[in-house]
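Peer 1: Take a look at the letters that make up each chain.
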Amino acid sequence: MSLKPSDSVRPLEPTLEAAHAPQSTLNANDRPADDARALRPEERPHVLIESEESGVQLDLGDFWTYRELLYFLTWRDVKVRYKQTLMGAAWVIIQPLLTMFVVTLVFNKFGGLETGEQMPYPLFAYAGLLLWTFFANAVNNSTTSLVQNTSLITKVYFPRMFIPAAAVAAGLVDFAVASVILIGLMIYYHVALTWHLLLLPVYVLLVVLLALAVGLLISALTVKYRDLRHVLPFMLQFWMFASPIIYPLRKLQGRWYWLLTANPVTGIVEGFRAALAGHAAPLVPVLVSVALTLALLVCAIYLFRRLEVTFADVI
Amino acid sequence: MPPMVTIENVSKRYRIGGLHPGYFTFREMLEGIARAPFRRWRGANGNGAHTRRNLWALKDVTLEVKQGELLGIIGHNGAGKSTLLKILSRITKPTTGRVKLYGRVGSLLEVGTGFHPELTGRENIFLNGAILGMRRAEIARKFDEIVAFSEVEQFIDTPVKWYSSGMYVRLAFSVAAHLEPEILIMDEVLAVGDAAFQQKCLDKMHEIRQQGRTIFFVSHNMPAVTRLCRRVILMQQGQITADGPAQEIVNTYLSSSWNISAERVWPEAEAPGNAVVRLRRVRACNEAGETIAAADIRRPIGLEITYDVLQAGHTLTPVVEVYNEWGAHIFSAHDTGAEWRRTPRPVGTYKSTAWLPGNYCAEGSLLVHASVMSHYPATALHVEARKVVAFQVVDSQAGDTARGDYVGPMPGLVRPLLKWETHSEVHGQQ
Numbered sequence: 003m004s005l006k007p008s009d010s011v012r013p014l015e016p017t018l019e020a021a022h023a024p025q026s027t028l029n030a031n032d033r034p035a036d037d038a039r040a041l042r043p044e045e046r047p048h049v050l051i052e053s054e055e056s057g058v059q060l061d062l063g064d065f066w067t068y069r070e071l072l073y074f075l076t077w078r079d080v081k082v083r084y085k086q087t088l089m090g091a092a093w094v095i096i097q098p099l100l101t102m103f104v105v106t107l108v109f110n111k112f113g114g115l116e117t118g119e120q121m122p123y124p125l126f127a128y129a130g131l132l133l134w135t136f137f138a139n140a141v142n143n144s145t146t147s148l149v150q151n152t153s154l155i156t157k158v159y160f161p162r163m164f165i166p167a168a169a170v171a172a173g174l175v176d177f178a179v180a181s182v183i184l185i186g187l188m189i190y191y192h193v194a195l196t197w198h199l200l201l202l203p204v205y206v207l208l209v210v211l212l213a214l215a216v217g218l219l220i221s222a223l224t225v226k227y228r229d230l231r232h233v234l235p236f237m238l239q240f241w242m243f244a245s246p247i248i249y250p251l252r253k254l255q256g257r258w259y260w261l262l263t264a265n266p267v268t269g270i271v272e273g274f275r276a277a278l279a280g281h282a283a284p285l286v287p288v289l290v291s292v293a294l295t296l297a298l299l300v301c302a303i304y305l306f307r308r309l310e311v312t313f314a315d316v317i
Numbered sequence: 025m026p027p028m029v030t031i032e033n034v035s036k037r038y039r040i041g042g043l044h045p046g047y048f049t050f051r052e053m054l055e056g057i058a059r060a061p062f063r064r065w066r067g068a069n070g071n072g073a074h075t076r077r078n079l080w081a082l083k084d085v086t087l088e089v090k091q092g093e094l095l096g097i098i099g100h101n102g103a104g105k106s107t108l109l110k111i112l113s114r115i116t117k118p119t120t121g122r123v124k125l126y127g128r129v130g131s132l133l134e135v136g137t138g139f140h141p142e143l144t145g146r147e148n149i150f151l152n153g154a155i156l157g158m159r160r161a162e163i164a165r166k167f168d169e170i171v172a173f174s175e176v177e178q179f180i181d182t183p184v185k186w187y188s189s190g191m192y193v194r195l196a197f198s199v200a201a202h203l204e205p206e207i208l209i210m211d212e213v214l215a216v217g218d219a220a221f222q223q224k225c226l227d228k229m230h231e232i233r234q235q236g237r238t239i240f241f242v243s244h245n246m247p248a249v250t251r252l253c254r255r256v257i258l259m260q261q262g263q264i265t266a267d268g269p270a271q272e273i274v275n276t277y278l279s280s281s282w283n284i285s286a287e288r289v290w291p292e293a294e295a296p297g298n299a300v301v302r303l304r305r306v307r308a309c310n311e312a313g314e315t316i317a318a319a320d321i322r323r324p325i326g327l328e329i330t331y332d333v334l335q336a337g338h339t340l341t342p343v344v345e346v347y348n349e350w351g352a353h354i355f356s357a358h359d360t361g362a363e364w365r366r367t368p369r370p371v372g373t374y375k376s377t378a379w380l381p382g383n384y385c386a387e388g389s390l391l392v393h394a395s396v397m398s399h400y401p402a403t404a405l406h407v408e409a410r411k412v413v414a415f416q417v418v419d420s421q422a423g424d425t426a427r428g429d430y431v432g433p434m435p436g437l438v439r440p441l442l443k444w445e446t447h448s449e450v451h452g453q454q
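One line per chain: the protein sequences are Z and R, in this order. Each number in the numbering used here comes from the position in the first sequence (counting from 1) with 2 added on. Each number in the numbering used here comes from the position in the second sequence (counting from 1) with 24 added on.
These aren't lab readings, by the way, just hints derived from the structure by calculation. Since the structure is predicted, the reported quantities are computational estimates derived from the model, not experimental observations. Hints should not be assumed to be uniformly reliable.
Cut-off 25 Å, straight-line C-alpha distance, at most; resulting in silico cross-link-like pairs (SDA-like, lysine to any residue) [claimed, not checked]:
id, chain 1, residue 1, chain 2, residue 2
1, Z, 85, R, 106
2, R, 375, R, 297
3, Z, 85, R, 25
4, Z, 253, Z, 238
5, R, 83, Z, 316
6, Z, 85, R, 381
7, Z, 226, R, 180
8, Z, 85, R, 297
9, Z, 85, R, 375
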């Protein structure tokens with residue numbers, strides 16, 4: 003994926019242009035100005051603006067019409083983040099890497115926490131931290147994204163969901179960069195290449211959906227209840243300790259085991275590491291994660307859609 | 025002509041008041057939840073601090089706009105103009121009613137929405153274009169044109185934070201100007217900037233209208249509204265109170281906002297004045313003697329004062345003073361006609377008219393003060409009535425005024441049609 007807009011400045015092939023031919027009614031009228039006289043509005047309105055009382059509409063067509071904007075907003079978030087820093091991508095690696103050293107020292111060396119199996123503790127911790135760092139940053143950035151983009155929300159229309167979604171998507175770039183270290187660690191510790199590795203993208207997709215769900219939920223509420231922003235860091239910190247990021251789920255027994263399993267992050271992290279180590283994932287936590295993530299996403303989208311009509315008025 | 029936009033009984037309610045005007049805090053929400061079970065006991069007058077007042081920014085607005093119409097929207101601040109534009113732009117939803125848009129909508133409520141200071145001019149063109157609803161292929165196709173229009177070619181790969189404010193606005197406007205919606209929604213904000221920039225905006229609007237597109241234009245610039253729009257709606261307190269030809273509605277607006285019309289008549293008992301003179305009527309009229317709220321800039325304008333002389337033996341000089349809408353005093357005129365200049369007047373009713381030549385005052389609203397004085401043998405002010413009459417001077421853009429073919433803003437208190445001479449020495453071949 004190229005992030006440079008200049009790539010698209012090249013004269014476009016006619017075929018490419020044809021490929022962009024009307025995919026939705028909204029785009030159908032993008033003709034040169036000379037033809038404008040010939041524009042004939044159809045019987046059916048292009049856009050029907052209903053009152054607030056008309057209920058929640060999913061309006062998937064709108065997402066499609068504006069799909070390029072999601073890309074541009076993501077691209078902006080990534081570009082701006084990397085432009086302002088001296089070391090650019092290095093920060094993205096340093097954060098989970100340093101945390102890995104610290105927790106390895108504290109829990110593994112001093113505390114004697116062992117992970118057993120085929121996975122050494124540093125790799126175990128880094129894999130967990132990689133997912134968690136993505137999740138926490140994505141939730142954090144999407145929470146503040148709506149308030150930061152007030153001028154967009156009050157001045158122009160597009161699906162508002164794209165703002166927190168772009169913040170999550172931008173986090174994926176950081177994730178990809180930080181994954182380089184994971185690959186390095188895998189080589190260093192001679193992790194065997196198994197078919198289980200093919201499951202890794204599934205868990206990445208799950209953590210993206212979960213981050214999106216939580217991000218949508220909290221960002222929509224933050225527009226109205228600004229002080230949620232201050233609650234979030236604590237919430238994320240507790241959530242991290244309540245997830246098997248720096249300790250394995252198997253260390254827990256009974257009640258605590260089931261309590262942690264009810265946490266959608268648990269199944270994702272455990273599954274991700276199992277796939278990495280080349281053995282089967284604990285089935286119940288993974289299924290619980292999938293179910294909770296999807297349920298949460300549906301709720302988040304519904305709530306966001308319901309609240310978004312008031313964004314411009316209350317932000 | 026088919027309708028492009030139908031607005032059906034649209035109302036918009038805002039809730040204001042309470043502790044925080046815009047938003048609540050999480051704490052308040054928790055409080056609200058905690059109190060909810062008890063709310064029923066307390067009845068309607070329970071928690072005074074949290075009661076919110078309803079403000080109807082729009083009340084039952086119904087409107088149909090046809091293809092190719094350039095609709096001007098005027099009204100005082102807070103009349104609901106911006107709320108209407110926000111609903112049409114889909115930024116906010118109406119509380120009741122609905123809107124049908126029969127075309128792709130582009131709204132320019134601000135120039136440079138979404139511009140990011142850290143990104144270069146090139147990057148911002150793509151970002152801003154996408155935010156305004158353009159597709160990537162479309163932006164790519166128009167890219168060179170946009171850059172050329174903005175005149176910032178040299179700095180196109182420089183972050184816009186290093187741009188001068190002029191460059192920034194030019195680039196932002198260029199992107200907006202290349203948006204090609206069928207329905208364009210424009211707010212006043214576009215009319216800021218220097219004269220050249222405003223000119224570009226107005227030229228572009230002209231061009232867009234000629235392409236058969238539909239435009240909503242909110243403005244406080246009455247000359248621009250009358251010049252550009254054929255149809256204007258006047259909004260007052262969330263409602264459309266007048267809808268019709270531009271000139272007529274602008275006059276209604278101005279006379280309602282000043283509460284002054286083109287004619288003022290006083291009944292005998294209320295006539296201002298002293299024991300010598302009383303004013304009975306002041307008006308602006310045309311050569312045919314009709315009272316005119318809108319005067320053609322090319323034609324003479326009569327400022328007529330009717331007054332009763334109650335006491336014989338005084339020499340009297342009627343005076344008119346003319347101010348523009350910004351309060352600039354354009355001129356004063358004293359009656360210097362030989363007949364009554366030094367002749368004491370007998371008791372009676374007199375009507376004096378000062379004729380302004382055509383092509384004299386600039387476009388806009390004019391306010392008239394009328395008074396009657398004595399200058400000979402001694403000076404005395406008998407009656408002075410300030411802001412009695414208001415009227416508009418209109419350039420209908422026929423091409424035979426001082427504007428020629430120019431359609432943009434034309435500052436200046438007066439607008440003489442001057443005689444121009446050009447002497448040429450042509451060098452080289454044709």
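Peer 1: Take the hints in turn and mark each one as holding or not.
Peer 2: Here is what the structure says about each hint:
Of the supplied pair hints, the one linking residue 85 (chain Z) and residue 106 (chain R) is violated, its CA atoms being roughly 36 Å apart against a limit of 25 Å. Between the alpha carbons of residue 375 (chain R) and residue 297 (chain R) the distance comes to roughly 15 Å, so the proposed pair stays at or under 25 Å and holds. For the given pair, residue 85 (chain Z) sits about 51 Å from residue 25 (chain R) by alpha-carbon distance, which is inconsistent with the 25 Å threshold. Distance restraint check for residue 253 (chain Z) and residue 238 (chain Z): the Cα-Cα separation of roughly 22 Å lies within the 25 Å cut-off, and the hinted pair is therefore satisfied.
Restraint check for residue 83 (chain R) and residue 316 (chain Z): the C-alpha separation of about 20 Å stays at or below 25 Å, so the hint holds. For the suggested pair residue 85 (chain Z) and residue 381 (chain R), the alpha carbons sit about 64 Å apart, so the restraint of at most 25 Å is broken. Proposed proximity of residue 226 (chain Z) and residue 180 (chain R) is contradicted: the alpha carbons are some 38 Å apart, above 25 Å. At most 25 Å may separate the alpha-carbon atoms for a hinted pair to count; residue 85 (chain Z) and residue 297 (chain R) exceed this at roughly 75 Å.
The straight-line distance between the Cα atoms of residue 85 (chain Z) and residue 375 (chain R) is roughly 76 Å, outside the 25 Å bound, and the hint therefore fails.
This entry does not satisfy hints 1, 3, 6, 7, 8 and 9, going by the numbered hints stated previously.
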